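Engineer: Taken in sequence, the protein lines are chains A and B.
To convert, take the position in the first sequence, counting from 1, and add 1341; that gives the working numbering.
To convert, take the position in the second sequence, counting from 1, and add 1341; that gives the working numbering.
Keep in mind the hints are simulated off the structure, nothing from the lab.
Just so it is clear, the structure is predicted and the values come from calculations on it, not from any experiment.
Honestly, I wouldn't trust all of these hints.
Note that identical chains are pooled: a pair holds if it fits in a single copy or bridges any two copies.
[Claimed, not checked] Think about it this way: if two alpha-carbon atoms lie no more than 30 Å apart in a straight line, the pair counts; the simulated DSSO-like pairs of lysine-lysine are:
| hint | residue 1 | residue 2 |
| --- | --- | --- |
| 1 | Lys1385 | Lys1500 |
| 2 | Lys1385 | Lys1479 |
| 3 | Lys1433 | Lys1583 |
| 4 | Lys1500 | Lys1478 |
| 5 | Lys1479 | Lys1364 |
| 6 | Lys1478 | Lys1385 |
| 7 | Lys1593 | Lys1500 |
| 8 | Lys1364 | Lys1446 |
| 9 | Lys1583 | Lys1399 |
| 10 | Lys1567 | Lys1478 |
| 11 | Lys1378 | Lys1478 |
| 12 | Lys1583 | Lys1479 |
Number of protein chains: 2
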Amino acid sequence: MNSNEALKISREVAIEIERGISKISPDDLSSEVGMGKDGTPTKKVDKVAEDAALSVLKDYDVTVVSEEAGVIGNGDIHVALDPIDGTFNSAKNIPFYAVSLCFSKSNRIGDTFLGYVKNLANGVEYWANETAYRDGKKIRVSDTSDFNCNAIVYYPERKFGFRRIRIMGSAALEICLVADGTFDCFIDYRGDDGLLRVYDVSAAIHIASCAGAVVTDTEGGSVNEKHIDMSERFRLVVANPKLHPLLLEALK
Amino acid sequence: MNSNEALKISREVAIEIERGISKISPDDLSSEVGMGKDGTPTKKVDKVAEDAALSVLKDYDVTVVSEEAGVIGNGDIHVALDPIDGTFNSAKNIPFYAVSLCFSKSNRIGDTFLGYVKNLANGVEYWANETAYRDGKKIRVSDTSDFNCNAIVYYPERKFGFRRIRIMGSAALEICLVADGTFDCFIDYRGDDGLLRVYDVSAAIHIASCAGAVVTDTEGGSVNEKHIDMSERFRLVVANPKLHPLLLEALK
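All chains should be modelled from the sequences, with the hints used to inform the complete structure.
Structural biologist: Laid out in structure tokens, this is it:
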């Protein structure tokens, strides 16, 4: 499988999910329908979206790691799948939630060859093979090194001095908004081991990296060796090469 | 003018704004086209939206208070107008920005007889005469008194202990999301005198109040005596009657 094929599959997955969730009545989106392999209750919108995604991916020789279903298949190519990143938003009709797919040649996220994130509410599409695109146009991170900038921070419980802080509820999309320069950085330093999962962020990490971002954990360590599995956790700092070291310093 | 007429006018305004901004090319949305009466640069999307709104409102005997144009007209009925609340989002294709209109029988926001907020990106419409509605259905605030809840906080630079924190970038819409129970509270305690303006929040304050919320400044004072003018500033706490006093306590 090459990146073109992976992109084609990703788009099929997105369309199947859109089709699936469009049939759910608004009042039913957040009803709970079981317990996910991530240890949290599964909402109907998650279940329907995941079933739709897996109905496409089952035809390929891949190992899928997904929020609700866990690990499926045993192909060499690993796919981190989040059918709906931003479930709360999707269930509440807040138009900021996405499907996220990351295709890697191994179980390391450093071997990713395609990252794909699509806002299912308005159709904006991000993807990267070695170059990063939004709706087919090349994108690039900002180049500011000034803290008087636009930041996504989970959670800003100390004073960093950013100009504008946002917390929108879909890490995948928010990291893509750093990739395209809308925001200048993404920081998530919650939890001792991190709260982000591989299916939330690995596709967006690849997209941001291809757009010129530096992506590390909150200690400055590479995330390339992180695995596409259910147990991996992330604390992340994503920013352009000038701003990134200043953020690490501020987090000390 | 009664609330039905004000609602009809609000909907006309929304449609004119949608028509106006749909003609702007995406790259041109955030180009600066002058200086607003609020003392900040006017972006093209703001100017086009305000011109569209005023083209409707000029036919009525009202006093309009608006972000870019300042005070226009001298009717007894005062209209606080924000043609685009969430300009940054609208300019960046983040689908979370709204038109906001507040109609009052005087220059006090306590005399409001219609509040109207519409998300221009997905068409979700909030309004209240004496009852609050979302897309025509009655809405009501949540009833939790637990801090393990969903909060909008500008900015959470201290640890409140909320379960989920969001900062979406349109105070008008965010306060409406408290009115309909999606979020449990809205807090903006930035600035000694507050950063929110009357056109940002007065319509949503009325909607939230009609949905059962308590709305005060951060000291617990009423906002009813606040004026519909360019100089008024707000620090706000919006929540259901059980949670609200606990938030005031936490802010001390």
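Engineer: Hints first: check each against the structure and report whether it holds.
Structural biologist: Verification of the hints:
{"no.": "1", "hint": "Lys1385 to Lys1500", "result": "neither (38 Å within a copy, 32 Å between copies)"}
{"no.": "2", "hint": "Lys1385 to Lys1479", "result": "between (35 Å within a copy, 24 Å between copies)"}
{"no.": "3", "hint": "Lys1433 to Lys1583", "result": "between (37 Å within a copy, 23 Å between copies)"}
{"no.": "4", "hint": "Lys1500 to Lys1478", "result": "neither (35 Å within a copy, 40 Å between copies)"}
{"no.": "5", "hint": "Lys1479 to Lys1364", "result": "between (34 Å within a copy, 24 Å between copies)"}
{"no.": "6", "hint": "Lys1478 to Lys1385", "result": "between (34 Å within a copy, 23 Å between copies)"}
{"no.": "7", "hint": "Lys1593 to Lys1500", "result": "both (13 Å within a copy, 18 Å between copies)"}
{"no.": "8", "hint": "Lys1364 to Lys1446", "result": "neither (34 Å within a copy, 44 Å between copies)"}
{"no.": "9", "hint": "Lys1583 to Lys1399", "result": "neither (42 Å within a copy, 49 Å between copies)"}
{"no.": "10", "hint": "Lys1567 to Lys1478", "result": "within (29 Å within a copy, 47 Å between copies)"}
{"no.": "11", "hint": "Lys1378 to Lys1478", "result": "neither (36 Å within a copy, 36 Å between copies)"}
{"no.": "12", "hint": "Lys1583 to Lys1479", "result": "within (21 Å within a copy, 50 Å between copies)"}
The earlier numbered hints that this structure contradicts are 1, 4, 8, 9 and 11.
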